[in-house]
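Engineer: Once you've looked at the hints, dock chains B and C against the given chain A.
Chains as they are written, first to last, in this note's numbering: chain A, 6 to 145; chain B, 6 to 145; chain C, 6 to 145.
Keep in mind that the hints were calculated from the coordinates and are not lab data.
Mixed in with the good hints, there may be bad ones.
No distinction is drawn between identical chains; accordingly, a pair holds when it is met within one copy or between any pair of copies.
Below, computed lysine to aspartate or glutamate pairings styled on EDC-like, alpha-carbon distance capped at 16 Å [to be verified]:
1) K7 x E41
2) K7 x D60
3) K136 x D118
4) K70 x E19
5) K7 x E74
6) K7 x E36
7) K136 x E19
8) K7 x E73
9) K136 x E41
10) K136 x E73
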Amino acid sequence: MKSTTRYLTFTIPERMGFRNITSEVAAIVTESGVREGLCLCNAMHITASVFINDDEPGLINDYRKWLEELAPFDASPTRYQHNRTGEANADAHHKRQIMGREVVVAITNGELDFGPWEQIFYGEFDGCREKRVLVKVIGG
Amino acid sequence: MKSTTRYLTFTIPERMGFRNITSEVAAIVTESGVREGLCLCNAMHITASVFINDDEPGLINDYRKWLEELAPFDASPTRYQHNRTGEANADAHHKRQIMGREVVVAITNGELDFGPWEQIFYGEFDGCREKRVLVKVIGG
Amino acid sequence: MKSTTRYLTFTIPERMGFRNITSEVAAIVTESGVREGLCLCNAMHITASVFINDDEPGLINDYRKWLEELAPFDASPTRYQHNRTGEANADAHHKRQIMGREVVVAITNGELDFGPWEQIFYGEFDGCREKRVLVKVIGG
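Here chain A stands alone, though its shape is the one from the complex (with noise of 0.2 Å):
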């Protein structure tokens, strides 16, 4: 069995953005060798995403504004409780848990299984700062 295992790493420059990430990933699988397999994309940071939708940037604002009304930015510690810690990023990891950690995508023939219009992105949900997406490729 074949694995590689990668980390991307990079600043979202606004609390809430996203990046499409494919290519990026799509350069690992094919570094791998790997022909048949799985191939493992996360957010290692607990305020962020890796889904799978459409690159086309209406859609993109429309969840900046839908996860915006399911968890609303609040810094106070009266919403949310984990803002008493002296973090203001609660809504962050509540954005995250609709949005997803991770996706697995299949590898056949040497490449991600895609249909026509499936696109990585990373969603930052509480950005400005440095953050890591791990890729595994293991397969044969």
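Structural biologist: Just chains B and C now, with coordinates in the frame of chain A:
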């Protein structure tokens, strides 16, 4: 390492609908000959989900109602910017995030290793057209 | 390819409750002898979740409150059709979809490959009875 890749294709005859695909996935696991491994099962479209829950018609109706409350259908470009592209399915992209893209199921002794009520569902949020689900089995 | 399968069993003494299971999962990874691979950890019941987030009691309380807002407990068959079956746990089936069924964690150099704050939680939404979590390790 063994691997098997199959694609399930179907057209749900409603905008939102659910289909139990457990037996189709189980047949692919049997066909693969894998005794110990993992089975990835994911929607290949970004307005659909694969998830595991109970095959109880009342619950499925509850999910329909709940998803409509969390992310209402609205074809206009006012609520959802995505619909400025000419699409009317922004709500479906949101519903899919709640229910998830994929499941990963353990294979033990050649079978899907399920708890007593676990069933795999395809959830369609923008139906009336052909869609695909990917099933990838890896293991030994 | 090596594989190890273990089942964790516990009874959460409340209807909704959370338990950090990271050390139990890590011990299974060590026992497996897998150096590079994947660890699947999933609830085997459809009214429970396995997810990764921060081990901070205030945040856990925030999740309780938020999940109750998104999918309120209501034993009557009016809000939830599922409760017409004689069950009172429809809300739990909804809460579980928000928090997810499973996590897949990379194993690197024989250990769970975690970011600084990642901890694995079992989330129970219909407790006071025995439930199981499956841990499957595959790799080389």
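Engineer: Please go over all the hints and tell whether each is borne out by the structure.
Structural biologist: Hints and how they fare:
1. K7 x E41: Result: close both inside a copy and across copies, 10 Å intra and 9 Å inter.
2. K7 x D60: Result: close neither inside a copy nor across copies, 31 Å intra and 33 Å inter.
3. K136 x D118: between (26 Å within a copy, 15 Å between copies)
4. K70 x E19: within (15 Å within a copy, 28 Å between copies)
5. K7 x E74: neither (43 Å within a copy, 45 Å between copies)
6. K7 x E36: For K7 and E36, only the intra-copy Cα distance (11 Å) is at most 16 Å; the inter-copy one is 21 Å.
7. K136 x E19: Within one copy only: 13 Å inside a chain, 36 Å across chains, cut-off 16 Å.
8. K7 x E73: Cα proximity of K7 and E73: none, with 41 Å in one copy and 44 Å across.
9. K136 x E41: neither (29 Å within a copy, 23 Å between copies)
10. K136 x E73: neither (21 Å within a copy, 31 Å between copies)
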